[in-house]
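Chemist: Sequence:
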Amino acid sequence: MDTRFLTVLGPCLVLLMHIAIHNTLASHVPVKCIERERRALLAIKKELIADYGQLSSWDDAQNQNECCKWEGVHCSNQTGHVVELKLGGKRLRGTISPSLVELYHLNHLDLSYSNFNFTPIPKFIGSLTHLTYLNLSYAVLWGEIPLEIMNLSGLRYLDLSTNFINGTIPNHLGNLSQLLYLDLSSPFLSSNLEWLAHLPSLTSLVLQDVNLSSAKNWLQLVSNLFQLTLLDLNNCHLPDVGSFPTIHNVSSTLSIIDLSKSNLTTSILPWLLNYNNSLTILLLSENSLSGPIPHAFGNFGFLKQLELGSNKFKGGIPQSLWDICSLSQLSLYDNNLSVEIDELIPKFPKCAKKSLQYLSLSSNNITGAMPDFSQFPSLKELRLDQNHLNGTLSGRIGQLSNLEVLNVGYNSLQALRCYNFKHEKIGRKAQVHKVKEAAMFYVLSNILVS
Numbered sequence: 001m002d003t004r005f006l007t008v009l010g011p012c013l014v015l016l017m018h019i020a021i022h023n024t025l026a027s028h029v030p031v032k033c034i035e036r037e038r039r040a041l042l043a044i045k046k047e048l049i050a051d052y053g054q055l056s057s058w059d060d061a062q063n064q065n066e067c068c069k070w071e072g073v074h075c076s077n078q079t080g081h082v083v084e085l086k087l088g089g090k091r092l093r094g095t096i097s098p099s100l101v102e103l104y105h106l107n108h109l110d111l112s113y114s115n116f117n118f119t120p121i122p123k124f125i126g127s128l129t130h131l132t133y134l135n136l137s138y139a140v141l142w143g144e145i146p147l148e149i150m151n152l153s154g155l156r157y158l159d160l161s162t163n164f165i166n167g168t169i170p171n172h173l174g175n176l177s178q179l180l181y182l183d184l185s186s187p188f189l190s191s192n193l194e195w196l197a198h199l200p201s202l203t204s205l206v207l208q209d210v211n212l213s214s215a216k217n218w219l220q221l222v223s224n225l226f227q228l229t230l231l232d233l234n235n236c237h238l239p240d241v242g243s244f245p246t247i248h249n250v251s252s253t254l255s256i257i258d259l260s261k262s263n264l265t266t267s268i269l270p271w272l273l274n275y276n277n278s279l280t281i282l283l284l285s286e287n288s289l290s291g292p293i294p295h296a297f298g299n300f301g302f303l304k305q306l307e308l309g310s311n312k313f314k315g316g317i318p319q320s321l322w323d324i325c326s327l328s329q330l331s332l333y334d335n336n337l338s339v340e341i342d343e344l345i346p347k348f349p350k351c352a353k354k355s356l357q358y359l360s361l362s363s364n365n366i367t368g369a370m371p372d373f374s375q376f377p378s379l380k381e382l383r384l385d386q387n388h389l390n391g392t393l394s395g396r397i398g399q400l401s402n403l404e405v406l407n408v409g410y411n412s413l414q415a416l417r418c419y420n421f422k423h424e425k426i427g428r429k430a431q432v433h434k435v436k437e438a439a440m441f442y443v444l445s446n447i448l449v450s
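According to the working numbering, the stretch in the sequence shown is residues 1 to 450, in order.
Honestly, the hints are just simulated from the structure, not real lab data. Some hints could be false.
[Said to hold, decoys possible] Derived lysine-lysine pairs resembling PhoX-like cross-links, with alpha carbons at most 20 Å apart:
{"#": "1", "residue 1": "K380", "residue 2": "K353"}
{"#": "2", "residue 1": "K86", "residue 2": "K46"}
{"#": "3", "residue 1": "K123", "residue 2": "K69"}
{"#": "4", "residue 1": "K350", "residue 2": "K380"}
{"#": "5", "residue 1": "K69", "residue 2": "K45"}
{"#": "6", "residue 1": "K69", "residue 2": "K86"}
{"#": "7", "residue 1": "K261", "residue 2": "K216"}
{"#": "8", "residue 1": "K261", "residue 2": "K312"}
{"#": "9", "residue 1": "K86", "residue 2": "K45"}
{"#": "10", "residue 1": "K314", "residue 2": "K261"}
{"#": "11", "residue 1": "K90", "residue 2": "K46"}
{"#": "12", "residue 1": "K354", "residue 2": "K304"}
{"#": "13", "residue 1": "K90", "residue 2": "K32"}
{"#": "14", "residue 1": "K354", "residue 2": "K314"}
{"#": "15", "residue 1": "K304", "residue 2": "K353"}
{"#": "16", "residue 1": "K69", "residue 2": "K32"}
{"#": "17", "residue 1": "K350", "residue 2": "K304"}
{"#": "18", "residue 1": "K69", "residue 2": "K46"}
{"#": "19", "residue 1": "K304", "residue 2": "K380"}
{"#": "20", "residue 1": "K69", "residue 2": "K90"}
[As the list claims (entries may be wrong)] The following label-pair restraints were derived from C-beta to C-beta distances:
{"#": "21", "residue 1": "N77", "residue 2": "N217", "range": "45 to 51 Å"}
{"#": "22", "residue 1": "T266", "residue 2": "S153", "range": "39 to 45 Å"}
{"#": "23", "residue 1": "V140", "residue 2": "N171", "range": "22 to 28 Å"}
Positions of the beta carbon are idealized from the N, C-alpha and C atoms, including for glycine.
Required output: the full structure, derived from the provided sequences and hints.
Modeler: Have a look at this one:
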């Protein structure tokens, strides 16, 4: 090797070694609490009541003045600044102290599951401009969403759910263009959802109980969220979509949809079928869906849970549903299914027979003798009550070693045989109840497998 090259390279190698040694030593030096931020934390504590000593480590004593080691406090390893305050689930009471603004470098704030006694969300929260995570859910907060929150342009996660927040969701929410997760669930809020057009990165949208009756364009707005994986608009009074609009591009990642209790009619079904390659959970109970259950539901090849209860479906269960190998929960209670039960249950081996764990056909007009359910070995809950079934249960039901709940009450069953269950150690709650006349209601829970 050229000696001139070594002459130049040598000092550089020595310098790099010095830097590496310095960084290694620095990484082992304990981070010291910044005095101004320690005082701010103590001021925050003064406004809070910890009934069970949750903040006992927050002390001004000489041996406990290192605030970076306090419960729920996390500091930067490089600067020592407080960057995370994780007090969610601590069941604290009191008020949110203005001293929070002294924690200027805070990027994570969780005060969920506290009791702030119906106080408003403080406007000074908008001064914490480094926040990327804000969780104030279940915190007994009241009032409107302050516009100052829109200053938190770096937020990725925002959860204000399950409080007493009221009024209209401000359209300025669209300023939070980096949001990935948003939960504003509240029965006291309303919105037209126009701000959704400015949140292209959303992966989770949860607006349970929010009044969306004025969101005439909700379907198009939601369809344009191409990164969405979770959509929860349960009990949102959604406007009917009318004739199905032409939507060419939709999210290929949408995995969970909950549109229960949302005044939906059958016109929503063509839109849902766009997601047959991604959906794993589809919840549509307590709507006004009518007609036969679409055969195309069988195209949801990755579906695990399908809830269509309390609608107006008629006819039977499309045989295509039994071809979904991942299906573990199927709920069709309180519909107008008026067929022989033999027509509902597949006669030949089907994928879902092995995977199904929960089946509810309660409160329909299903007739006929009880079929052999031993062909569903994974069943944990089977609910067939309030139909027109007759005969007796097959003794083979005793082979269902995973069965915990069997409800066949309010039918026309003549008797219930004494079954020799594969696992006979039945839990303390196992009961047999006579419901009316010869009908029976049989419950098995907490089966103990030896």
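Chemist: Each hint needs a verdict: does it hold in this structure or not?
Modeler: A quick look at each hint next to the structure:
no.: 1; hint: K380 - K353; verdict: 13 Å, holds
no.: 2; hint: K86 - K46; verdict: 17 Å, holds
no.: 3; hint: K123 - K69; verdict: 29 Å, violated
no.: 4; hint: K350 - K380; verdict: 18 Å, holds
no.: 5; hint: K69 - K45; verdict: 15 Å, holds
no.: 6; hint: K69 - K86; verdict: 12 Å, holds
no.: 7; hint: K261 - K216; verdict: 17 Å, holds
no.: 8; hint: K261 - K312; verdict: 13 Å, holds
no.: 9; hint: K86 - K45; verdict: 13 Å, holds
no.: 10; hint: K314 - K261; verdict: 19 Å, holds
no.: 11; hint: K90 - K46; verdict: 16 Å, holds
no.: 12; hint: K354 - K304; verdict: 13 Å, holds
no.: 13; hint: K90 - K32; verdict: 25 Å, violated
no.: 14; hint: K354 - K314; verdict: 26 Å, violated
no.: 15; hint: K304 - K353; verdict: 13 Å, holds
no.: 16; hint: K69 - K32; verdict: 10 Å, holds
no.: 17; hint: K350 - K304; verdict: 15 Å, holds
no.: 18; hint: K69 - K46; verdict: 18 Å, holds
no.: 19; hint: K304 - K380; verdict: 15 Å, holds
no.: 20; hint: K69 - K90; verdict: 17 Å, holds
no.: 21; hint: N77 - N217: 45 to 51 Å; verdict: 47 Å, holds
no.: 22; hint: T266 - S153: 39 to 45 Å; verdict: 41 Å, holds
no.: 23; hint: V140 - N171: 22 to 28 Å; verdict: 27 Å, holds
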